[in-house]
Amino acid sequence: EYMGEKEMVEVSFVSILFGIGCILLGTFFLSKKKTNSNSNKTFRVKEKVNFVRNKRDSTGTKEKCEIILAGLQDQAQSDAVREQINFLYQVILGTDDLQNHLMKDSSLENSTREWISQEFSTSSRGGIGREVSLTRGRSESQLKQIPQAILQKPEIQDILKKIDSFNDFDIFELNKVSDGNALKVVGWYVLHRWGCVKEFKIDPVVLERWLSEVEELYQDNPYHNQLHAADVLQCIHCLLLLGMQKYFDDDVEVFSLLVSAIIHDIGHDGKTNAYHNNIISERSLQYNEQSVQENYHASQAMKLLQNEETNICENMTKTQFREFRAIVIRCVLGTDMQNHFAHVKEMKLEAEARENQAEKWPIGDRALLRSMTLHLADLSNPLRPIDKATKWANALLEETFLQGDEEKKLGLPISPLCDRNTTELPNSQIGFLNYVVLPFLEVFAQILPELQNQILPQTKQNLQIWEQRKGQTNTPIKSTNISPQKSNET
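At position 87 of the sequence shown the residue is numbered 87 (the numbering used here), and the sequence of numbers has no breaks.
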């Protein structure tokens, strides 16, 4: 109390300097301790990176792992470690193996362990929000009865008896007797047949709403319509029965693949990606000219899951839903023909390296295999018996001609196979079979040998028939859809 104002200021200044010095000194020792601790953390994360590298032996994953390690060396804070592990989790799509590996690591810090526990919580649901409820104009009791009522029709039961046969099943007849609801019937049947409804606790009312909404979102195109989706789904069903189920032994995989088939062309407007990019359409602008249609289909399908009334993934865990979403998107994007030849070549190399043994295709390495399975089903029309193959070929040609007509009106160059004045149906099928389908089918047969006896003979016979039809005048193609109008009752 005897100090003057000057002395007080000097003492305060010295105290502040002393305090700052203590803080700096403490920070130095603490940072040194953290450096040692973070070195250990970095080493542990390196072990996890090696785990991922062994699980997913792909170039892309290796590069991402190296980026992770480089980032850890520069910034090995607790939050950084958490972010890197999060990135690892995203890289391998949240597999349970990584979860178990991390949770068993006793050296993992508690905060990171809590974060992992929260991310992989089995109580978390796959739903990603809610939107305005759908108004279908039906009560829940009516909704529950619709699929069963359709399936109980004797003529539908007779057709479904042949659903396991790629050659004998008649999707056109099924569509006719179900009043244009082939996708709903096949979707309901197949998802139950493969145990997906029971495994993922899908509410029958939600499933019916979802199937109805998917059917509605398919446009009334000559080819890319709900009937095509039903046909692709039935092909996936047959491929699984022929032996692909030994490769896809995970419930989420099978469910994702079946859903991918159901929604893979949802919202298709009957135009090619090239057309959208040429006219700079809204879709082209939205997806920057990259797999325009395929990105749109996947996006529309995922939007349906934002509504609780059509969210068939409602009872999935967060881990399951992330895996499901990643598989569906990858499979749908894989139907873009622009990637066909590169993917077929990659698949051939993969098949040879793995010696065509299912056990050498661990779940982390099946992304290409799943994608190409859907791609094969998407191209399966020419593989059907010739009467069905011809119906599909005519429908596809009609759709391409309609695009050609539109291009002509707009003053654009008419795309290949879109000019109704110059394109011949037999020639288009011969080229497609020789240069696209058969080479792909032969590569796929290395993985699924059953194709050699079940599908390849019919495909080669179809090629011979198309060869015999060369030079014949095209049958006039009218603007009629192979998918009949749906009854108002359904």
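A few of these clues could be false.
[What the hints assert, rightly or not] Simulated pairs of lysine-lysine, DSBU-like, Cα-Cα distance not exceeding 30 Å:
1) Lys162 to Lys391
2) Lys388 to Lys470
3) Lys348 to Lys246
[Said to hold, decoys possible] Derived Cβ-Cβ restraints for the label pairs, each shown as a range:
4) Asp419 to Ala353: 40 to 46 Å
5) Ser415 to Glu282: 17 to 23 Å
6) Asn167 to Glu406: 44 to 50 Å
7) Pro362 to Asn288: 30 to 36 Å
8) Asn288 to Asp387: 37 to 43 Å
9) Lys176 to Lys408: 42 to 48 Å
Quick caveat, the hints were computed from the structure, so don't treat them as lab data.
We put the CB at the ideal spot given by N, CA and C, even for glycine.
Numbered hints the structure breaks, given as an ascending list: Numbers 6 and 9, in rising order.
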